[in-house]
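**Q** Sequence:
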Amino acid sequence: MKTLFTLLIGAMTLMGPALAQTGGVPASTNIPGQKYPQILPDNRVVFRVKAPDARKLQIDLMKKYDMVKDTSGFWTVTTEPVGEGFHYYSLIADGIAICDPASQTFYGMGRMASGIDIPDKDMDYYQPKNVPHGQVRSVNYYSDMTRAWRRANVYTPPGYDENPKKRYPVLYLQHGSGEDETGWPTQGKMDFILDNLIAEGKATPMIVVMERGYATDPTRPVSTTNGMAPNVFPELLVKEVIPMIDKSFRTLTDRDSRAMAGLSMGGFQTFQTTMTNLDKFAYIGGFSGAGRLQPGADVKQLYDGALADADAFNRKMKLVYVSIGTKEPERMYAGVKGFHEALDKAGIRHVYYESPGTLHEWQTWRRSLRQYASLIFKK
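Using my numbering, the final residue of the sequence shown is 379, and nothing's skipped along the way.
Since the hints were derived computationally from the structure, they do not count as laboratory data.
The calculated lysine-lysine pairs, modelled on DSS-like cross-linking and capped at a C-alpha distance of 25 Å, are:
#1 129 / 202
#2 166 / 378
#3 165 / 247
Computed Cβ-Cβ distance ranges for the label pairs, DEER-style:
#4 163 / 304: 35 to 43 Å
#5 56 / 346: 48 to 56 Å
#6 276 / 52: 52 to 60 Å
Backbone N, C-alpha and C fix where the C-beta goes; we use that ideal spot for every residue, glycine too.
Construct the complete structure from the given sequences, taking the supplied hints into account.
**A** What follows is the structure, encoded as C-alpha cells:
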C-alpha cells in the first residue's frame, strides 16, 4: 500500500518539476487568465507549455533553458533568477523561435516577441494610479520624403481636451534598435510615468511624440558596402514630423519648448538630430546611447564643432542628459561613460545618471525617462 508521501511525490512528478515550486505569481505580461509564466519570490521564472507533439522545447530568456515533458504533454522549466525589469523572450519549438502563446507580444528584437516584466522594488512610479490620465493617440500621415504612410504615437497630457486654448511643450521620444513607435507606450509605460509625475507636480504637462526611427528616401542611392539605403530619420523628424505635430496639436513652437530623447539607437539619433539643429531644441537626452565618440577623439570636434565653445553651448542649452545602466554590456557602458567624461573634460554642463543594477533594457530607460521628464521645461 502506497504511503501518502509516495502519492504526493507521484502527483508532483506528473504535474512537472516546475509545479513543485511554491509562492509563484502569474507574470503581469501574461495573456489574461493564464497562470504561466509564474515569477517566484527569488525572481526565478516557471514556464509551462502544453505541446504533446513537440520533440524539443526551450525557453530563450537571457540564456536557453531546456524544457522537460511530462506524461500529459506539458513541458516545464524553472529558470535562474532573472533581473528586475522588462525582458523579451522566445519559445523555441523544434529549433524555431516563436512567441509563447501564454504571453502578450511586443515588437522587439526586430520582430514580435514574448515579454516578461520582473517586478521592481521601486516600480510604483510606472503603475496606473487614481490620478488624471493622458491619452496615447495614433496619428497616421503621408511622408513625402519616404513616399509612404507612417504612424506616430502621441501622448497628450491630462486636461488636453478640456482647455482648448492651452498650448504645450513637446518631447520627441525615440525607441531603440529592433523596436518601433509602440515601444515607449507599451514596454516603457511612458504614459503612466508622465501621468504620475504630472499629478505629483514633478513634471510640466507636455505632449510626447514617438515615431518609428527608421526612414529611407527611395530617391537616394543604396550603399555599395551593405546594400542598404541610408536612414534619413533625423532629417524626416525636422522637416516633416515637427511641422505635422505643430499643425495637428496645440504645441509651443519655440526651441525652449522642444526636447528630444531616446534610448540606445534612439539616443544616438537624438544627439545626431539635436546637435545639428540647435536652433530647434533646447533639451537633449540619451539613455544608453549618446554621442558617438571614437577612442582618442576630441569631443569638441563632433557635430561640426558645436561643442568647441563650452560657455556658448552651456548658455544655449537648457539640459543635456546622459544615462546608462550599471550592468550593461561593457562596451556600451564604457562608451556612454566615456562620452560623459569627455563632456566633463570639455566643460559641457550636463546631468549624468547610472541606473543601479540594470541591464540594457527597459528598467534602465523607465528610470531615465522618470528623471529626464522631471527636469525639462522648467521655468
